[in-house]
Amino acid sequence: MTVNRKAKFATGMDGRKIQVGDFVISAKGVYATVMRIHRQGYDGTIITTDIAPDPDYPHHFSGVAKTTFRKA
Numbered sequence: 006m007t008v009n010r011k012a013k014f015a016t017g018m019d020g021r022k023i024q025v026g027d028f029v030i031s032a033k034g035v036y037a038t039v040m041r042i043h044r045q046g047y048d049g050t051i052i053t054t055d056i057a058p059d060p061d062y063p064h065h066f067s068g069v070a071k072t073t074f075r076k077a
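The opening residue of the sequence shown carries number 6 in the numbering used here; numbering runs sequentially from there.
Hints are computed from structural coordinates only; laboratory data are not their basis. Check each hint, because a few of them may be wrong.
Straight line, CA to CA, 20 Å or less: simulated EDC-like cross-link-like pairs of lysine to aspartate or glutamate [stated by the list, open to error]:
no.: 1; residue 1: K22; residue 2: D61
no.: 2; residue 1: K11; residue 2: D27
no.: 3; residue 1: K33; residue 2: D59
no.: 4; residue 1: K33; residue 2: D55
no.: 5; residue 1: K22; residue 2: D55
no.: 6; residue 1: K13; residue 2: D55
no.: 7; residue 1: K13; residue 2: D27
no.: 8; residue 1: K33; residue 2: D19
Generate the whole structure from the sequences, applying the supplied hints.
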């Protein structure tokens, strides 16, 4: 079992670095600010946003970096 580890950045689906405080667009088109980033498992990077990245699950405030785009 891997312990959750804080991360300084994640790589978004567009290949750009995402940091805490960045404004991102989820794959569902939701605009949100990144509040926390941590690694989970071997190669998973989870970002926590100020609003839910998926409107179908409004109580989930986390998403995977591969489904996120960083705003230019």
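### Task
Please flag the earlier hints that this structure goes against, numbers listed from lowest up.
1
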